[in-house]
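**Q** Build the full structure now, drawing on both the sequences and the hints.
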Amino acid sequence: MLTIFDYDFMRNAFAAATIVAVLAGIVGYFLVLRSQTFAGHALAHVGFTGATGAVLVGLSPLWGLVLMTVGAGVGMGFMGEKLAERDVAIGLVLAFALALGLLFLHFFTSYATQATTLLFGNVFSVDTSTIWTLLALATPTLALLAVISRPLLFASLQPELAEAKGVPVRLYGILFLTVVALTTAECAQIVGVLLVFALMVGPAATAQQLTTSVTMGILVAAVLALLEAWFGIALAFYTDWPASFWITALSVGAYLLSVIGRRLRPAAA
Amino acid sequence: MSDTNAVAFAHVSLRLGSRLVLSDISLHIPFGQFIGVLGPNGAGKTTLMRAILGLVPPFAGTINVLGEPAQRGNPVIGYTPQLHGPTPGLRLSGWDFVASGASGHRLGLPVVGRVERADIDRALGLVDAQGLARRPIRELSGGERQRLLLAQALIGSPKLLLLDEPLISLDPHHQQEVVGLVKALQGELGITVLFSAHELNPLLGAIDQVLYLGRGQAALGTVDQVITGPILSRLYGTEIEVVRIKGRIFVMAGSHDVERDAHQHDHGSGHGHSHDHADLTHADHL
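In order, the protein sequence lines correspond to chains H and R.
Per the numbering used here, the very first residue in the first sequence carries number 126; after that it's consecutive.
Per the numbering used here, the very first residue in the second sequence carries number -9; after that it's consecutive.
These aren't lab readings, by the way, just hints derived from the structure by calculation.
Check the hints yourself; a few may be wrong.
Okay, the calculated bits of chain H under chain R, using three or more residues with CB under 8 angstroms as the criterion [unchecked claim]: (1) 155 to 168; (2) 261 to 273; (3) 277 to 286; (4) 290 to 297; (5) 363 to 374.
Just a sample of chain H residues kept apart from chain R, beta carbon distances all over 10 angstroms, derived [stated by the list, open to error]: (6) Phe130; (7) Arg136; (8) Thr258; (9) Val348.
Some chain R residues near chain H, calculated using beta-carbon distances under 8 angstroms [claimed, not checked]: (10) Leu43; (11) Leu45; (12) Pro78; (13) Gly79; (14) Leu82; (15) Asp86; (16) Gly91; (17) Arg96; (18) Gly98; (19) Arg107.
Backbone N, C-alpha and C define an ideal beta-carbon position, used for all residues, glycine too.
**A** Shown next as structure tokens:
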């Protein structure tokens, strides 16, 4: 009898999900801590334009995603706090980004399924070369975050004090959004641009419900993202429902459970 | 400019955008004193502190901190910024929040070493916050959070503490507690403290000198030297009368208490000021 690991596409799916989930869980922890979850959402929308644009000119959608999200991430970093007060403008830019992506797809009619794949992901279509690309992107992204994580944490919790202590707060903000942009592009390969929240925000938000320690929080976020991605893929295999649905459902379910769990023991820290 | 000065301003002018906040100020803050920094909103209390921190370069003149020119990242200064808006990381424990400031400027992973751990615990001990540090910040009161901020400022054993409005949104009881704690620390550690506030009264009895700012000018001296009609009239640009009742001091323009007014502007309309206003009416008739 064949197990789920006997299929190439399943092994590829698990390998890709492992790389992306660990990255997304860790980056997501800082994203939630900095209350910048909206940035992750925004970058994913902009990434859709990049991906469809890349398909139109005959490039891999992943590179389109990476280019657009990193460009937008750095741009957002430079605009800094000014961005936070302009939700209408941002909303319009995001809507236009999706619409532009739709237009690009319209010109490329032969790939009707491309839209669904980009928007909602298809982890079972990941091939070996994509796995290597994901790993090649995830490694420097995680390394960059590791190098800046200490001053980033300080600047996130106490921006004015960090500035006084000589921390280039703005620079770390820009570098972090670059990290978020690369992570968004990676996540989109697994769960699609619309469900990036499932891997980046869900596990991190759950972790912050469960522990008050930074180190534990980062660890829990990574482990949760990993478990949600693995079980999501396994459930998709046995039910034939989309993996993105299962991963998102597990992510949301875990968060709800953590909130309910907190409510039931309000006295505990 | 001898080394005994904690802070020395020589003909300093400070600008915030196009606005001249301080104009040609020269003053010397001796080492080891507790200084109350007062003045109406927008008088430049925060800008003055940011200039000492090296974050706002003087438009003219020089600022020296413990004999060295003011510069960003000066390790001899501890600082608590004014609290405004929601604090990030509310779900973290007090300990993790305070710890983020220990060597927080260095690159690398946010791992706390043994030396840093000892420093964090020492700072928490100084403000008696070891117990608080185990709880998530969101469960702490304003006064308790202020204690954690103070602990964070004490990491690295600074010689000069800049506390920007630590009494904001605290009730009178907790205000007294914070002032008492800072006074005790200042004496125990033999450091210099600049403590900005809206109101003079909570600081009376604790401070050695007042630094009063207003209309680009500054006056430094004891409470009796500075809190006088002529000096404050110059700083406010309007006729000011100083009224003393039962050891408390009211700075009045006509029938208004100007410090109180500033306080109320910041926090919306009155919470618990009615009693004081009764005092004021009384003062008016004196």
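**Q** Run every hint past the structure and note whether it holds.
**A** Evaluation of the provided hints:
Here the region 155 to 168 of chain H counts 3 residues with a CB under 8 angstroms from a CB of chain R, which clears the bar of 3, and the coverage holds. Counting residues of the region 261 to 273 of chain H whose CB falls under 8 angstroms from any CB of chain R gives 3; the rule of at least 3 is met. Coverage of the region 277 to 286 of chain H by chain R holds. Counting CB-CB distances below 8 angstroms, 8 residues qualify, and the rule asks for three or more. Chain R is given as covering the region 290 to 297 of chain H, and this holds because 3 residues of the stretch bring a CB closer than 8 angstroms to a CB of that chain, at least three being needed.
Only when three residues or more bring their CB closer than 8 angstroms to a CB of chain R does the claim for the region 363 to 374 of chain H stand; here the count is 0, and the claim is violated. For phenylalanine 130/H, the requirement that its beta carbon stay farther than 10 angstroms from each beta carbon of chain R is met, with the minimum near 34 angstroms. Every CB of chain R lies more than 10 angstroms from the CB of arginine 136/H, the least distance being 32 angstroms, so the non-interface label holds. Listed as a non-interface residue, threonine 258/H keeps its Cβ farther than 10 angstroms from every Cβ of chain R; the least gap is roughly 26 angstroms.
No beta-carbon of chain R is positioned within 10 angstroms of the beta-carbon of valine 348/H; the least distance is around 18 angstroms. Taken as an interface hint, leucine 43/R checks out: its beta carbon lies about 4 angstroms from the nearest beta carbon of chain H, inside 8 angstroms. Evaluation of the leucine 45/R hint against chain H yields a held restraint, the C-beta minimum of about 6 angstroms falling below 8 angstroms. Hint status for proline 78/R relative to chain H: holds, with the closest Cβ pair at about 6 angstroms, below 8 angstroms.
For glycine 79/R, the interface hint holds, the least distance from its beta-carbon to any beta-carbon of chain H being 5 angstroms, beneath 8 angstroms. Restraint check, leucine 82/R versus chain H: the minimum CB separation of about 5 angstroms is within 8 angstroms; hint holds. With a cut of 8 angstroms, the hint placing aspartate 86/R at the interface with chain H holds, because the nearest CB-to-CB distance is about 5 angstroms. Evaluation of the glycine 91/R hint against chain H yields a held restraint, the C-beta minimum of about 6 angstroms falling below 8 angstroms.
A least Cβ separation of about 6 angstroms between arginine 96/R and chain H falls short of the 8 angstroms threshold, and the interface hint therefore holds. Of the supplied interface hints, the one on glycine 98/R holds, with its beta-carbon coming within about 5 angstroms of a beta-carbon of chain H, less than 8 angstroms. Nearest Cβ of chain H to the Cβ of arginine 107/R: about 13 angstroms, over the 8 angstroms cut. The hint is violated.
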